[in-house]
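There are 2 protein chains.
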Amino acid sequence: MKIIKGSVAAPKGFFASGIHCGIKKKGLDLALIFSGVPAVAAGVWTTNSVKAAPVLLTEANLKDSCAQAIIANSGNANCMNGKAGVEWAKQTAASVSGALCIDTDDVLVASTGIIGKPLPAAKIIGAVPQLAKSLSRNGGIMAAKAIMTTDLVVKEVAASLSIAGKTVRIGAIAKGSGMIYPNMATMLCFITTDAYIESAALKASLKAATEKSFNMVTVDGDMSTNDTVLLLANGMAMNPLIRKGSPDYMKFCSALDFLMISLAKSVARDGEGASKFIEVNVTGAKSTDEARKVAMEIANSNLVKTAVAGEDPNVGRIASSAGASGVKFDASKLNISLNGVRVVCSGSARSELRAAAKKQMKKKEVLIGVDLGSGKASATAWTCDLTERYIKINARYN
Amino acid sequence: MKIIKGSVAAPKGFFASGIHCGIKKKGLDLALIFSGVPAVAAGVWTTNSVKAAPVLLTEANLKDSCAQAIIANSGNANCMNGKAGVEWAKQTAASVSGALCIDTDDVLVASTGIIGKPLPAAKIIGAVPQLAKSLSRNGGIMAAKAIMTTDLVVKEVAASLSIAGKTVRIGAIAKGSGMIYPNMATMLCFITTDAYIESAALKASLKAATEKSFNMVTVDGDMSTNDTVLLLANGMAMNPLIRKGSPDYMKFCSALDFLMISLAKSVARDGEGASKFIEVNVTGAKSTDEARKVAMEIANSNLVKTAVAGEDPNVGRIASSAGASGVKFDASKLNISLNGVRVVCSGSARSELRAAAKKQMKKKEVLIGVDLGSGKASATAWTCDLTERYIKINARYN
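Chains as they are written, first to last, in the numbering used here: chain A, 18 to 415; chain B, 18 to 415.
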């Protein structure tokens, strides 16, 4: 596998574009991704009981595991808009269907932005012809920019790998848990590939990669009404069909894992108000599920995150979070390290290492290592520190 | 039931004291509560896998459901100190046992403060004779002060009620999720009563009241290694025995609920950096458990809490948190109100009420009402807003 330039338009047969349609006062706010041929498609989305209208429509349109386009807007979440919201999402899909001459139910729709504000559907529909005209093989970056909200960094990545002598490409863009003022932290990620892969394999690979990537990243522990990850595979690489469980499948999975983990990490790194990037690596757990629980509890702890902001090697908060996860372990077997400095050994804090640990906390990246001493499973979570800037961003929007 | 003066020394036969023994640089840091006669005792404590040494000792000493004294220090959590920590807790109990001529295992021990720092046990043990000498019927306030960390307000309350013509008193003190620099948010609550009550009834009443009070309050969602609630009943009111399930038991429970909820609310009100008090009232749930889950998810949401800090009537964040709780409900039946202004009606945001809602958000107390429209159960949670001061307090301690 090697990293290549571009993102969602890097795989063969994919095109992308991004324009300003007027939902936001300025900046790109409407993105389109298009495959020249119908693609096998898979998606995962928020488990929130309150789902935005575009999520519900995309879920319905993905029932046949086939799609050809993704349209996404930033600036308005089209959530809590009642029946009108569902209509607006449908009209958006219909306009893309018309402009690209594809089936309406092959259009997937995503939105991110303010909740509970009417979607200016007319602006979107009016802009779709121009958006379709702008589609290009270099448009990935425009689409990536058009889904950004308070993200400071554009998030795109692509890689190529060889499957039975054929070059297969995977490209992806994401937006992070930045909040558009005044609203929600939504995570969107769109992935394209020219791999020829069976539907069941595509779904399984996406589910597995999401577990290890976006489900292990947290900025503030809040799950949005709009979170969506979509993966389209159009088969244009002409490789032999990738079947679930085969060696080629494993190869595809590991490339997908790599891309999605890389985007997930960049979402954490670009968290609102973040001054430091935190990786929590849990080992010695009884199961992967338990390792993930502990890692996410630590990554979600306001106390751990403010300690990192304050460059305080506060092992008590880390140990306490691990213990608060609901996972049972023997506290006398707990080991904790901060950037490699073993500050807790067999459950006891080593205050003599405080100075060395304090020095590590001054770095821009802090790796918290936690060994539970009760098994062989491990997991990694990513987050950022919790700073006064986060509060400023989220408390004051006018 | 009526509110009376004092706290843990208000019930007959109870004495309390608080002194400075030198764990903290200044201020009271050692508290003692004593019953002249052995008392029936019950306790609940942190479910954290990492438990402080005093929690483990108190758990052991409560096996016989009998106790006569509680000693508590602030300034040091005596946690992650290995076997030495357990020894220090035992030595503390032994010194109280010696000074008061009571059984060692009738002494309960609690600590709050820095994790992973050796407990200065000699200072505690050296101060116990003076602490015992200072015991008085007016000492509740001193004990309440001696367990405070970054709490700004002393938390004590007492009430009397009549059981079969006899006056029964209940008194309580608590400390909140203030963090002693540089460490943990610990919640401690000690309750005394002169009621004559059977052990099973005492335990059941404490468990039920804790569920409705301290388990429904959150400042930052972090569970400490030291959280402890203890209840001693010495029977000196000479009332007929209160049996579980009897009308007198219900009367006792409702008084205990009232006292513990009042302390839990004051803990939320006094949360670190808090500028506003938030009550989340969830109705229309399928079960109490589901109502509690939704209420706590909202109360724990950084986004909701920063919105309240910013006086922003952000219903999207509230709806999204409700939906993220894991409780399934029909989003089109969701109603949300802010201090009585019905901002979400049948799942749709009513933007025309935004100005009215905004006005309500300027108040010091914000009541978030959420009706799930799926049943008849309800629950209430309490919290405070999340401000830049919280980050300052927790990121900077030197």
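Because the hints were derived from the structure by calculation, they are not lab data. Small disclaimer: the values here were computed from a predicted structure and weren't measured. One or more of the hints may lead you astray.
Remember, identical chains collapse to one label, so a pair may be satisfied in a single copy or spanning two.
[Said to hold, decoys possible] In the BS3-like style, the derived pairs of lysine-lysine whose C-alpha atoms are separated by at most 25 Å in a straight line are:
1. Lys-41 to Lys-375
2. Lys-268 to Lys-376
3. Lys-375 to Lys-22
4. Lys-350 to Lys-100
Comparing the hints with the structure gives:
no. : hint               : result
1   : Lys-41 to Lys-375  : between (43 Å within a copy, 23 Å between copies)
2   : Lys-268 to Lys-376 : neither (40 Å within a copy, 57 Å between copies)
3   : Lys-375 to Lys-22  : neither (39 Å within a copy, 47 Å between copies)
4   : Lys-350 to Lys-100 : between (55 Å within a copy, 13 Å between copies)
Hint check: violations occur at hints 2 and 3; the rest are consistent with the structure.
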